[in-house]
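Q: If you want the building blocks of each chain, they are given just below.
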Amino acid sequence: MAEDARRLKESASQTAGPYVHIGLMPNFAGIGGVYDSDLGSAMVNDRTLGERITVTGVIVDGAGAPLKDALIEIWQADAAGLYNSPAETRGAADPNFTGWGRCASHAETGAFIFRTIKPGRVPFIDGRPMAPHITFWIVARGINIGLQTRMYFADEMAANDADPLLLRIESRHRIRTLIAPREGDTYRFDIHLQGDRETVFLDI
Amino acid sequence: MTGNTKQMPKDGAFLPRDRNWQPPALAPAYKSSILRSPQQALLSLDNTLSEITGPVFGHSLLGRLDGDLIHNFARAGEAAIGERIIVHGKVLDEAGRPVPSVLLEVWQANAGGRYRHRNERYQASLDPNFGGCGRCITDEAGRYRFLTVKPGPYPWPNGPNDWRPSHIHFSLFGTGFAQRLITQMYFEGDPLIWRCPIVRSIPDRRAIEQLIALLDMENTIPMDARAYEFDIVLRGRRSTMFENRLEGN
Ligand SMILES: [Fe+2]
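So the sequence lines, in the order shown, correspond to chains A and B.
The first sequence runs 1 to 204 under my numbering.
The second sequence runs 1 to 249 under my numbering.
Looking at chain B on its own, in the form it has when it is part of the complex:
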C-alpha cells in the first residue's frame, strides 16, 4: 500500500522528529552529555526552504577504494587485519521509500578497538594498513555497501569500567539539510550493546534494535567475507491528500 510517489510533493516539508524516539540531549549516565546538553526548550517551526534544501554529492566524488576500508589506507599489496565483513543495506525514508544519492560517510576503530586519532589513548595496536574511514553514495534503489574489518570493542573514560560495543559510525545526507543524521551501527549478539551508556541514551528498546545489524548469510561470500545488513531510515516528507486516501483504505 505504498502511495503513488508521483503524487508526493517531492520537495515538501519533513515530518517532525519524534523526540521520544530520539535520544534526549541529556543522558546523565553518558557523562559528556551533562555539560553539552541544551537546557532550554527547542524552538519548533515548520520547515522553510532552508531546511528542505540541502547539498547533494555526485558519484563522481568517489574514488575506486572509498568504500573498501580493508584497502583504502593499506600499502600496495597489503590489507587491514581483522574479520573481513561486508556491511550493506538500504537508506529509506519514513514511508519506506528508498532514498537514492545519499552520501554515507563511515568511521570506525580497527579490529583491536584502536582509532587512528591523536586523542586516542587506548593501548591496543594501530594497524599500519587501516585508516578507518570510508564513504559511498546510495544507488537508485537506496542501496549502499562497504567492505571492512569488524571493529573491536574498546574501553572509554566514563564509568569505572565502560566498554563500547563494536560499532561503526555513520553520517548521512538526505535530500534536505534537516535530514542530516549521524548514528552508530552495532552487531547482532554483542553483549556490550545493552550495557553501553551511549546506546542507552536511546529511550526505546525498538529504536536500539533498529541500530543493530543482523548477520546476513545470504550475502556472505563463502570463504571470503561475512555480510551484515543494516538499513537506515531518514526523516520522511509530509504526504499528500492523495496518498492519505490510499493509506486510509
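Same shape as in the complex, but just chain A:
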C-alpha cells in the first residue's frame, strides 16, 4: 500500500505572498548584487535545438482583474521530447535547454512571457504519446498552495484529441481552457482562476 511509505506528512504549503520576488527574483525586485542573475530568466541560448516560440498571457482573478503579483514557473521537454532531469531515463536531453523557466507577472499589465522552444511529445504512463505540453505552476498572494496546470498547443489538434489528460476532462467545453491559440510564433495562454472560463487545474 502506498500509505505505508508515509511516515511523515508533507509540509503544509503557505502562500508565497506579495513579496515573492525578493526571494525568487531579487534582481527583478531591485535587490542587486546578491545573485548574478535571476534563476530561470533565460530558457534558450543560440545552440538550443527546436522551434523558437513565445508563450505569454495573464492570470485573471474572479473579478476579471489580472494578477500583477504572481510568479509563474514552467517545465517542459526539449524539442525531442526529453526532459533535462536525472529522472529522465530515455536518453540525454539537449544540454542547451534546461526546460525550466520562471517569470513574474508584469507589475502594471500582469503579463507573463517566456521565450522558449516548442516541446516534443512525451509518453503517458501506459506508453501512449501525450500531446506536446508545458507544465505550469503558479503562486501568488491569496493562493494557498501552488496551482498546477498544463498548456497545450492549438496547432496540434490531432495530438490534443488523443491526449490522455485532455481525454480525462469530463466537461468537454473546459478542454479549451488548456489550449493556447497561436499567432505568429506566439502562443497566448490566459489563466482564469474562477468563472465561466475557469482553467482546469490539476491534482497531480
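The set of hints was computed from the structure by calculation and includes no laboratory data.
You can trust all of the hints, since none of them are fake.
Cβ pair distances, simulated, as ranges:
#1 A:197 <-> B:24: 13 to 23 angstroms
#2 B:125 <-> A:172: 51 to 61 angstroms
#3 A:161 <-> B:126: 49 to 59 angstroms
To give an idea of the interface, some chain B residues facing chain A are shown, with a C-beta separation under 8 angstroms as derived from the structure:
#4 33
#5 35
#6 36
#7 38
#8 40
#9 45
#10 106
#11 107
Every residue, glycine too, gets a C-beta built ideally from N, C-alpha and C.
Starting from the structure of chain A, add chain B with the ligand where the hints point.
A: Frame of chain A; chain B with the ligand shown alone:
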C-alpha cells in the same frame, strides 16, 4: 524499519497530496484567497514523466554568501541589524529519507518587519545592510543551513488589525516538479501564530505545528547566534512491494 532504498523506484510516481492536510484554496478569513481560489474540482491524475522529472541545481550555482543574509547585501565590513540566528534542518520525503540536492530559496522581512519591495507600505525602517533573500542546496544528508536575523512581525491589510507572526518564506525544489513547494517557517512561542488567518488556512493543528521552528540550544553558538531547527517534508514516492513487506512486519 526503513525500507531498503535500493529497492525503491527512484524515479517513480509521487504519493498523492493530502488535500485535507494542505490548506484549501479558499480560506475566507484570508481575504485575498476569495477571488484567487479555483472553484471547480481539480483534475486528479497519476504522475506522468512531466511531473516525475524536474530541474536540478548544482552547488556551483551558489556564491559564498548566498546562505548568509546578515552579510549578502551588506556593505563591506557591515552587517544587518537584528537578532542573529541560524536556521537549519533537513529536507526529508514522506518516508523520512533525506532529500539531497534540494534548492532552498528563502526571503523575509528585516528585524523591524519591513520588506525591501516596491509594494511595501509599512512605516518600519529599511535596514541598508539587509536585502532579505538567501539560498542554499541540501547536502547528501538532506541538511541545509542559513545565517540571518530574526524577522519582525508586521501588520498587513486584511482584517482591521492583523499582524503576521515572525516568519521566513521557503521555496523548495525536490527531484520532480510535482514536489514544488512554497511554505513559511514560524518561531516557537510566537503568540501571533495562532491568530494569523494565513496560518489558520491550514486545517490541521499538527500541520501548523510542523511549520514552527524550535529553539535549538545545542546548535546555538555561544556569544554569537541562537539556532532554530526546522525540518521540511516533500512529497514521497510510491513504495515497492519489497518495502511494503518490510513495513508490514
Ligand atoms: Fe511575509
